Amino acid sequence: MPTIEEQVAELKSQFDAMNNKTPANKLAIIAFSGDLDKALAAFIIATGAVAMGMEVVMFFTFWGTPILRDKNKNVGGKDTMGKMFGTMLPKGPEKVKLSKMNMAGMGTAMMKSLMKKKNVASLEEMIALAEELGVKIFICEMSMDLMGFKREEMITYNGLQYAGVASFLAEANDSRVQLFI
Amino acid sequence: MPTIEEQVAELKSQFDAMNNKTPANKLAIIAFSGDLDKALAAFIIATGAVAMGMEVVMFFTFWGTPILRDKNKNVGGKDTMGKMFGTMLPKGPEKVKLSKMNMAGMGTAMMKSLMKKKNVASLEEMIALAEELGVKIFICEMSMDLMGFKREEMITYNGLQYAGVASFLAEANDSRVQLFI
Amino acid sequence: MPTIEEQVAELKSQFDAMNNKTPANKLAIIAFSGDLDKALAAFIIATGAVAMGMEVVMFFTFWGTPILRDKNKNVGGKDTMGKMFGTMLPKGPEKVKLSKMNMAGMGTAMMKSLMKKKNVASLEEMIALAEELGVKIFICEMSMDLMGFKREEMITYNGLQYAGVASFLAEANDSRVQLFI
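Chains as they are written, first to last, in the numbering used here: chain A, 1 to 181; chain B, 1 to 181; chain C, 1 to 181.
Think of the hints as simulated: they come from the structure by calculation, not from any bench. Quick caveat, the model's predicted, so the values are computed rather than measured. There may be inaccurate statements among the hints.
Identical chains blur together in the list; that is why a pair holds if it fits in one copy or across any two.
[To be verified] Derived pair list, reagent style DSBU-like, types lysine-lysine, alpha-carbon separation capped at 35 Å:
hint: 1; residue 1: Lys26; residue 2: Lys95
hint: 2; residue 1: Lys91; residue 2: Lys136
hint: 3; residue 1: Lys112; residue 2: Lys78
hint: 4; residue 1: Lys78; residue 2: Lys117
hint: 5; residue 1: Lys118; residue 2: Lys78
hint: 6; residue 1: Lys118; residue 2: Lys83
hint: 7; residue 1: Lys83; residue 2: Lys150
hint: 8; residue 1: Lys83; residue 2: Lys21
hint: 9; residue 1: Lys97; residue 2: Lys73
hint: 10; residue 1: Lys91; residue 2: Lys116
hint: 11; residue 1: Lys71; residue 2: Lys26
The shape of chain A in the complex, shown without the other chains (with noise of 0.2 Å):
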């Protein structure tokens, strides 16, 4: 039988482990996709979720990479491919359409007149009070190699990472919650 001293000793080294492997504060968000209606639920969520105290780290994949195009940088020297997914695919969040309801860009539109006079912030100033609220974003480096997009193309944002899947599993698997938007 272990003295009472020993059993404190052991109660605390299984206490220490247990807290190491509880998740942080933190809100771990996959933008997978480039809708703009769920690219604005996305960071309504993430700058909500920095207000309430939460660390908060967003991974921008597929469709949701080319949110984070900066419309005003171009660069050249890309294949043919690289070419196609470039005039495709939205350049930079004021191009991003409705999932629903887009009618040719008149939903799109209306909606955005609507958010103005609502007060909604645009998907522009989301991710500029984002970047001030020090939310985290991560680019899925598979999606850049894929669509051909090249660092020099997309938006100045601090602390702004290119990273693997593998990077973003670390910060999931420390967070108290994940979504898959």
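Since chain A is already given, all that's left is putting chains B and C on it; use the hints.
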């Protein structure tokens, strides 16, 4: 060196602190989608979780919001935009369409008749079951405002709350499972 | 006032109770979507998580179900509805289409050739890799029944299980990360 009594007291207080941070046996769902298939999935998961002893909170936002309109309630006094959204978006669970194979409504009708034949509950029945089981429903205030919906046109549901993203995040942060549907 | 021994015993039992409630180092994915891009994302995340030491369970439901049909297996004896679903839904991973830019199949074909060129594994290869890595796959019984699929027409996959939502929820509730894709 603290006495054994002091060590135990310290361990107890650390343990209590961790216990307070441990998420509840709860499922938090963001019901973003306005598609019949996704709404069904959300309610099947929600009611299944209650049956397993979990607490469940659903947050209806964006296209998920009109699912909770009551087809028998009509309200006046909407502005032009509100009238447009009111007309274009489905009025309640019976009007919601499949995301795929809708085929001008035929696919949705077929799926519904098939569900009936296979004894799968309809979306209307699922909502009633969720209410009976005590699934908590939050409706996003921002979506209500954007789409011009009024509280008087939404379904009657026990304990229904209108809430912002912060209220939902507080629930999600205290839940073991979170899903964006 | 309990003795110090009693206090330590009580703390131990509270600690054990909490330890039992602590979720496993596991990822639970609901593979709802029938889109190539989302299915790829699901498998990239799943296999990446195994590589990081996590256990992974995928639950294929609704449009995700036909992805796991085997193109070389044919079954008879279906009713009219079952035949219709059988014809209209993709027969296995090679027939799955992009959610965006499908452009009558051209976009999907281009994306596949691009993935090959960039050494990104195809969906078929991903499924084989997942099997090799021990990713657990559950197929939703209700979806099988609704779509009229028979077990004999699904892929051969080590440890494949047919399960209801309750079995999946039990896994999700014991996992650190959950995603609805």
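Do the hints match the structure? See the list:
1. Proximity of Lys26 to Lys95 under the C-alpha cut-off of 35 Å is restricted to the intra-copy arrangement: shortest distance 30 Å within a copy versus 37 Å between copies.
2. For the homomeric pair Lys91 and Lys136, the shortest alpha-carbon distance inside one copy (21 Å) is at most 35 Å, but the shortest distance between copies (39 Å) is not.
3. In this homomeric assembly, Lys112 and Lys78 come within 35 Å of each other (Cα to Cα) both inside a single copy, at 32 Å, and across copies, at 19 Å.
4. Taking CA atoms no more than 35 Å apart as the test, Lys78 paired with Lys117 passes between copies only; the shortest distance there is 15 Å, against 40 Å inside one copy.
5. In this homomeric assembly, Lys118 and Lys78 come within 35 Å of each other (Cα to Cα) only across copies, at 15 Å, whereas the closest approach inside a single copy is 41 Å.
6. Taking identical chains as interchangeable, the C-alpha atoms of Lys118 and Lys83 lie at most 35 Å apart only when they sit on different chains, with a minimum of 16 Å there against 38 Å within one chain.
7. Taking the shortest Cα distances, Lys83 and Lys150 sit within 35 Å of each other inside one copy (11 Å), while across copies they are farther apart (44 Å).
8. When the C-alpha separation of Lys83 and Lys21 is checked against a cutoff of 35 Å, the pair qualifies neither within a copy, at 45 Å, nor between copies, at 49 Å.
9. For a Cα distance limit of 35 Å, the shortest separation of Lys97 from Lys73 qualifies both inside one copy, at 20 Å, and across copies, at 32 Å.
10. Both within a single protomer and between protomers do Lys91 and Lys116 lie at most 35 Å apart by alpha-carbon distance, with minima of 21 Å and 26 Å respectively.
11. With identical chains, the CA atoms of Lys71 and Lys26 are at most 35 Å apart within one copy only, with a shortest distance of 31 Å there and 40 Å across copies.
Hint compliance for this structure: hint 8 is the single one not met.
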